[in-house]
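Residues in the sequence shown are numbered from 492 upward in steps of one, following this note's numbering.
Be aware that a few hints might be false.
Just the calculated beta-carbon pair ranges, DEER-fashion [as the list claims (entries may be wrong)]:
| hint | residue 1 | residue 2 | range |
| --- | --- | --- | --- |
| 1 | Ala703 | Glu671 | 16 to 22 Å |
| 2 | Ser509 | Ala628 | 25 to 31 Å |
| 3 | Thr641 | Gln684 | 20 to 26 Å |
| 4 | Ile583 | Ile530 | 26 to 32 Å |
| 5 | Ile530 | Asp495 | 27 to 33 Å |
| 6 | Glu499 | Leu680 | 30 to 36 Å |
| 7 | Asp670 | Ser493 | 40 to 46 Å |
| 8 | Glu671 | Gly595 | 31 to 37 Å |
| 9 | Gly595 | Ser534 | 19 to 25 Å |
| 10 | Lys702 | Glu499 | 41 to 47 Å |
Honestly, the hints are just simulated from the structure, not real lab data. Cβ atoms here follow ideal geometry from the backbone N, Cα and C, with glycine treated the same way.
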Amino acid sequence: MSADFRLESLRAIVPTVSRETAERLNAFEVLFRKWSAAINLASPSTLADLWKRHILDSAQLFPLAPDAKRWLDLGSGGGFPGIVTACFLAEISGASIDLVESAGKKAAFLRTAAGQLGVPARVHAERIEAMWGGIAAPQVITARALASLTDLFTLAEPWLAGGAKALFQKGRDYQREIDESRVGWSFDLVKHQSSIDQASVILEIGNLRRKAN
Numbered sequence: 492m493s494a495d496f497r498l499e500s501l502r503a504i505v506p507t508v509s510r511e512t513a514e515r516l517n518a519f520e521v522l523f524r525k526w527s528a529a530i531n532l533a534s535p536s537t538l539a540d541l542w543k544r545h546i547l548d549s550a551q552l553f554p555l556a557p558d559a560k561r562w563l564d565l566g567s568g569g570g571f572p573g574i575v576t577a578c579f580l581a582e583i584s585g586a587s588i589d590l591v592e593s594a595g596k597k598a599a600f601l602r603t604a605a606g607q608l609g610v611p612a613r614v615h616a617e618r619i620e621a622m623w624g625g626i627a628a629p630q631v632i633t634a635r636a637l638a639s640l641t642d643l644f645t646l647a648e649p650w651l652a653g654g655a656k657a658l659f660q661k662g663r664d665y666q667r668e669i670d671e672s673r674v675g676w677s678f679d680l681v682k683h684q685s686s687i688d689q690a691s692v693i694l695e696i697g698n699l700r701r702k703a704n
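Given these sequences and hints, build the entire structure.
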């Protein structure tokens, strides 16, 4: 896959993406493959199509909040979407993202990636609940393949109730998760169809409130 093809595939999703950002994402893919061989950052079956299935899939989030400067990614794992988002934020003055990942080896990879790529990401090797008082007022919260929508609301409530919005990537069972979450929560919802997987969506959540018992 040529560098020009990668750039064009990115621009199909983020038309304003710069060549410098594309180069950072290319470098991230190389680093990810190197580390994944040692610590299993992703399912081996997905590595053949890593650019599309993980990097382009993660890149979809940035255009949904291009003016936001304070991002928070929960359960960052191998850096999707957190490090991908950080690559876009690197060109925005004062922008940054906090990555929360409790697994020590994955957190070490995230720190290495952020340092080598020169992107504005802070890595917290902690459980999400431990960071409720430690990360101030993000504008956007992201999560990918982490937990059910109901559980995500519980984990992100301190920030979402404070006015942040969420961009949660969900697969084919998303409607069931929405219906189940409405039992205990009220929220504003916008569904964005994934450009990568027609069975998947990005759920934009705002104005989250816990319902009274």
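We went through each hint and held it up to the structure:
Taking the beta carbon of each, Ala703 and Glu671 are about 18 Å apart, inside 16 to 22 Å as hinted. Separated by about 28 Å at the C-beta atoms, Ser509 and Ala628 satisfy the suggested range of 25 to 31 Å. Hint check: Thr641 to Gln684, Cβ distance near 22 Å, so the stated range 20 to 26 Å holds. Our hint of 26 to 32 Å for Ile583 and Ile530 holds, since their Cβ atoms are close to 30 Å apart.
Separated by about 31 Å at the C-beta atoms, Ile530 and Asp495 satisfy the suggested range of 27 to 33 Å. Our hint of 30 to 36 Å for Glu499 and Leu680 holds, since their Cβ atoms are close to 32 Å apart. At roughly 44 Å, the beta carbons of Asp670 and Ser493 sit within the given window of 40 to 46 Å. Between Glu671 and Gly595 the Cβ separation comes to about 32 Å, which falls inside the hinted range of 31 to 37 Å.
For the pair Gly595 and Ser534, the supplied restraint of 19 to 25 Å holds, since their beta-carbon distance comes to about 20 Å. Checked against the hint of 41 to 47 Å, the C-beta distance between Lys702 and Glu499 comes to roughly 46 Å, which is consistent with it.
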